Structure formats: structure tokens, C-alpha cells
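Using the sequences provided together with the hints, build the complete structure.
Those protein sequence lines, which keep their order, are chains A and B.
Going by our numbering, the first sequence opens with residue 26, and the numbers climb by one from there.
Going by our numbering, the second sequence opens with residue 26, and the numbers climb by one from there.
Nothing false has been slipped in among the hints.
In the DSS-like style, the derived pairs of lysine-lysine whose C-alpha atoms are separated by at most 30 Å in a straight line are:
#	chain 1	residue 1	chain 2	residue 2
1	A	280	B	223
2	B	218	A	280
3	A	280	A	106
4	B	223	A	223
5	B	223	A	36
6	A	321	B	321
7	B	321	A	178
8	B	217	A	280
9	B	280	A	223
10	B	91	B	122
11	A	91	A	106
12	A	223	B	36
13	A	321	B	178
14	A	36	A	112
15	A	178	B	223
16	A	280	B	280
17	A	223	B	178
18	A	159	A	122
19	B	159	B	223
20	B	280	A	218
21	B	159	B	321
22	A	218	B	36
23	B	218	A	36
24	B	280	B	218
25	A	217	B	280
The following residues of chain B were derived to be distant from chain A, with all beta-carbon distances above 12 Å:
#	residue
26	77
27	142
28	295
Source of the hints: derived by calculation from the structure; they are not laboratory data.
Only a predicted model underlies this, so the values are computations on that prediction, with no experimental measurement involved.
Here a beta-carbon is modelled for each residue, glycine too, at the ideal position from N, C-alpha and C.
Number of protein chains: 2
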Amino acid sequence: MKRSAPGQIVKLGLLQTHAATVPRSNVARTLGLVERAAQQGAQIICTQELFRSQYFCQSEDHENFKLAETIPGPTTDAFQKLARKHKVVVIASLFEKRAAGVYHNTAVIIDADGSLLGSYRKMHIPDDPLFYEKFYFTPGDLGFRTWATRYGKIGVLICWDQWYPEAARLTAMQGAEILFYPTAIGWHPSEKKAQGEKQHGAWELIQRSHAVANGCYVASVNRIGHEVLSSVGGDGIEFWGQSFVAGTSGEILAKAGADREEILVVPVDLAQVDQTRTHWPFLRDRRIDAYNGLTKRLID
Amino acid sequence: MKRSAPGQIVKLGLLQTHAATVPRSNVARTLGLVERAAQQGAQIICTQELFRSQYFCQSEDHENFKLAETIPGPTTDAFQKLARKHKVVVIASLFEKRAAGVYHNTAVIIDADGSLLGSYRKMHIPDDPLFYEKFYFTPGDLGFRTWATRYGKIGVLICWDQWYPEAARLTAMQGAEILFYPTAIGWHPSEKKAQGEKQHGAWELIQRSHAVANGCYVASVNRIGHEVLSSVGGDGIEFWGQSFVAGTSGEILAKAGADREEILVVPVDLAQVDQTRTHWPFLRDRRIDAYNGLTKRLID
Chain A
26 MKRSAPGQIV KLGLLQTHAA TVPRSNVART LGLVERAAQQ GAQIICTQEL FRSQYFCQSE
86 DHENFKLAET IPGPTTDAFQ KLARKHKVVV IASLFEKRAA GVYHNTAVII DADGSLLGSY
146 RKMHIPDDPL FYEKFYFTPG DLGFRTWATR YGKIGVLICW DQWYPEAARL TAMQGAEILF
206 YPTAIGWHPS EKKAQGEKQH GAWELIQRSH AVANGCYVAS VNRIGHEVLS SVGGDGIEFW
266 GQSFVAGTSG EILAKAGADR EEILVVPVDL AQVDQTRTHW PFLRDRRIDA YNGLTKRLID
Chain B
26 MKRSAPGQIV KLGLLQTHAA TVPRSNVART LGLVERAAQQ GAQIICTQEL FRSQYFCQSE
86 DHENFKLAET IPGPTTDAFQ KLARKHKVVV IASLFEKRAA GVYHNTAVII DADGSLLGSY
146 RKMHIPDDPL FYEKFYFTPG DLGFRTWATR YGKIGVLICW DQWYPEAARL TAMQGAEILF
206 YPTAIGWHPS EKKAQGEKQH GAWELIQRSH AVANGCYVAS VNRIGHEVLS SVGGDGIEFW
266 GQSFVAGTSG EILAKAGADR EEILVVPVDL AQVDQTRTHW PFLRDRRIDA YNGLTKRLID
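Now the structure itself:
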């Protein structure tokens, strides 16, 4: 399998960090990480999910709605300014207040000239012990999308979306060469010993599989830190970090550790998407005449 | 995550072997492997893809259509007899002659009383150098299916199908607790050094991901042996074996070697399907209102 096209190298920047109790400090630190990533040559930079706060979905508390912002709003503005300054694309995950009583788990996509290209609103919303997202987030109504940024066509999906091959497929079918997954996932400390390796393994595996199935890159950005919220108590969540980039055959190209702040700057060759899809022509042979059942809940 | 239900253990039997030049000897050897697997306690037994012959799709040769059989036919009959004798479910992969000019790559599903439950006709047909299947096999017209066998609800997909999350999903949505993939895949010897590890890695990964996405078991049965067909010449294909069973979180439960005949007898607990899907409730949250695009070729 020789290279059929000249390389088209783009550098991705994944920002893996912890979240402190004060949103202002998280925004400041994350803006600082964007600057450092840009200085290291990153061209498309992605934050972890809901980086502005600790993971408040550990409980259902109306007070937490105060953490939301409009889009555009002050945090979007700050990232737009930085994107323009450094000529970088930024994907920033925000808690969006759309209207009274309508909130979303949203990512903004900012182009390298600072313009707001659009938003992705998380489509699949989890609800599990300590991950009570259905209380906060109205399921996205913008569908699955792709944006032609200055440095490449990208798709953005968020955390729980990563378990759904449908989401990755629908995004890739619109031309995305890289799928970004801002994420906040970790271990329940009481389960870690018995289930931790299996849980993390499944998480990494399913995302790598989206790269395989679609012949595209996948970049997953997760937080670190053991967050026990004072208003909730208990064991909290130990976020497992390990942000990574997978190549077009699902191979791991770069991976961060589980417990320290890291900026992953990862060069990827967009010409490889065409190369891989030509040699593994899965998209050619989809049986679209037989996929109608996918819009059903079950076939029973 | 404690076990919520009493175990429901079923033993799977995966038959990994080579193919000799004479079909009769392959059938005899495979029938012998079924007997041995049954004696070792296997209850649902699956052959590799097209076990009856060497992998003739290395060229487009009209002579090879003579390898096909009707279903039912002599090979189906032989397996039905053995299934009845040993009270085992058998999945046998056959080259089906359906009518003059209409051939399929088909698997028959035989219940433990020897009755023919039905057939699955390979839906996704590859066409790659040395894998010229589109010449031989009409794409399946029976869709994705599930069978309630004596020992569990199973789905059967074949080789190239394994790259399609849609196929796994549609089968699991019909209740399959185990997805079987009879397979014939290997390395082009000239590519093995540079690409071999990545190719095999992607193959194993995508199938394990179907277990994750659907919270079910996956059993993949591949052939071994370096087949250089006298009518074709060249380097042939080095089939990579490594048949495996993945658990409901995608973890590898058992795996065969790359170059020797093996019977994998693997106990799995069907109660784990319910357990896993309750703790990782992906099926609950599918956005079926937003999946219409999956029946398109591309969204462009």
C-alpha cells in the first residue's frame, strides 16, 4: 500500500486537564493551554467536555443551571479571540443556555479566523449513577454535522455519543476526516478494581472502531482528576484521562496518561483518509437497501 | 456490578482449520471437528467461511461455480445428521447454488434436533485483489436475521459483514445474544511485514466493537494456511487464523493461534447480556429520530 497522494499534514491539539471548583480558573487555564498548544504548532485544538466546571452532573441540582452560558457568550468570545490571534481552529465544549428551561451540552466550532462556524449539540444523553445528564441537557436538535475548517473537514461528537456507531457514520458520511470527542468519563472508585480495566478498554475500543469503520481519524479528549463534589459527597468520579488520537485503521497514534495535565500535539496526514478508504472500501459496499431497521428501537 | 441473574452458560465451539485441495477431505475433516467439539461439550458450533474448499475467489474462474451446492444438499444433510446425533447447533458456511447464475455465500443454521432453521446469505460482498467475491456471490436478499436455537438466540454474519456496524446492530436488534462470523481473511504475503499487524488489528478491533456497541458476544471463526492456488499462482493468501470470542464488553475471552488447527470451546454466560446492557444502556438512548441518513450512500 504505497502513498497515492502528497501528504496533507495537520496538527491536532488535545487539551487534557483537571477541573477546579471555580469556573473562572478553569477557563483561564484552558485558554492558556490553547496558547501553548498553538505555540507547539497545533492547528485544530479541542477541549475536554464541559471543561469550565467540575462535572456537576453527579447530582440533580437546580443550582447548577447557573453554570450555563449563552452561545455566543463570554466563553465563546474568549476562544474566538484566541483562535483569531493564533490562527487556530478551536472546538470548545460548553454548557449552553438556549432559553429558560432549555439547556444543551454543546460544542462550538471556531474557525482559524475567529469566526463561529457553528455548534454541535450532544445528541445521545446518558443517565447513570453520578452521570445524571438527562436532568440537565435537552437532547440535541441539530443532528450530526461536519464543518469545513481552514485545516480540514471535522466532525464533533460528545462523550456518550462515542458509544454509537450510527453517530460516527452519519458524521463521516458528511465528509468528516477527523472525529473529535470531547469527553468526561471515569471510574466509580468502588468499581475500579473489578471493572476499571474492562470499562476503559471498551471506551477506547469503541472509538478506535469508528476510525476503522469510516477510514478517518478519531481524537478523544478526556479530563483527569478525582472529583468529589462538596454538595454531593460520596466517592466521586475518578476521571481516567488517556486522551488519544487513532489513525485511519484504528491504531493509536498518541495517548496521554491517566492522571496528569497534558497537551497532545499530534500530526495527522489527511491524505491517508483517501488512501485507507481506497484500500478498505467499506463505504462502497454498504447495503443501504437493507438498513431501514436502524431507525427502529428494536426489531421484535 | 454484581450478577443480577443466575448464570445461563452455553459453550461455543469454533472450528479453525486449513483447507486442502479436495473438497471431500475438507468436509470430512470439518465433520470430524464437529464431533470432537461436541465431545468437548460445545453446544453451538461454527465452521470457518467456505470451509469446503480452498479460497477460490483468488481469481475469477467460471470453473469454480462447480464447487457450489444447493441448500439443502449433501453437505447440509451431513451436518444436520451430526447435529441431531450430538444434539448440537451447527452453523456451516457454504457456497450456495440457488439457481442457474444465482449463487450466494451462505451460512446454514441447524438446530440441535437436526432441523434446518434457516439460512443467512452474506449481505456485504467484497471485491479486492485476490478477494474477487463480487464475481461469484449475489448479495444476500434475506436481510439480517436472528435464530432462536435450543441453546440461545444467535445471529450469523459472514466475513466482510464484520466491517459494518449496521449489520451487527440490525442483528442484535432482533435479539441475538451471540454474533457468529465465519470468515476467510489473511495477509497478502508482500504486504505482511509493513501492514500485517495493522490489518489484523483493525479486523479484531471492529468485531470486538460490535460486542461493545450491542452488549452481546461475538465469535469469529477464521481459517489458517497459506493458499497458493495452482490455477492462479502468485503469492497467494496467508490466512491469519486467530479465531476468537469476545465478551459483552468487547474483551477477548479466548483466541486461537495464527497457524494451527484448533477447536476453541468457550463457555459464555448469556445472562451477562442483560447485565451488561443494564449497566451500559446504549440501546436505551439511540436517537432513532436522527438516523434516517444511514440509508443514504453519502450525505453530500
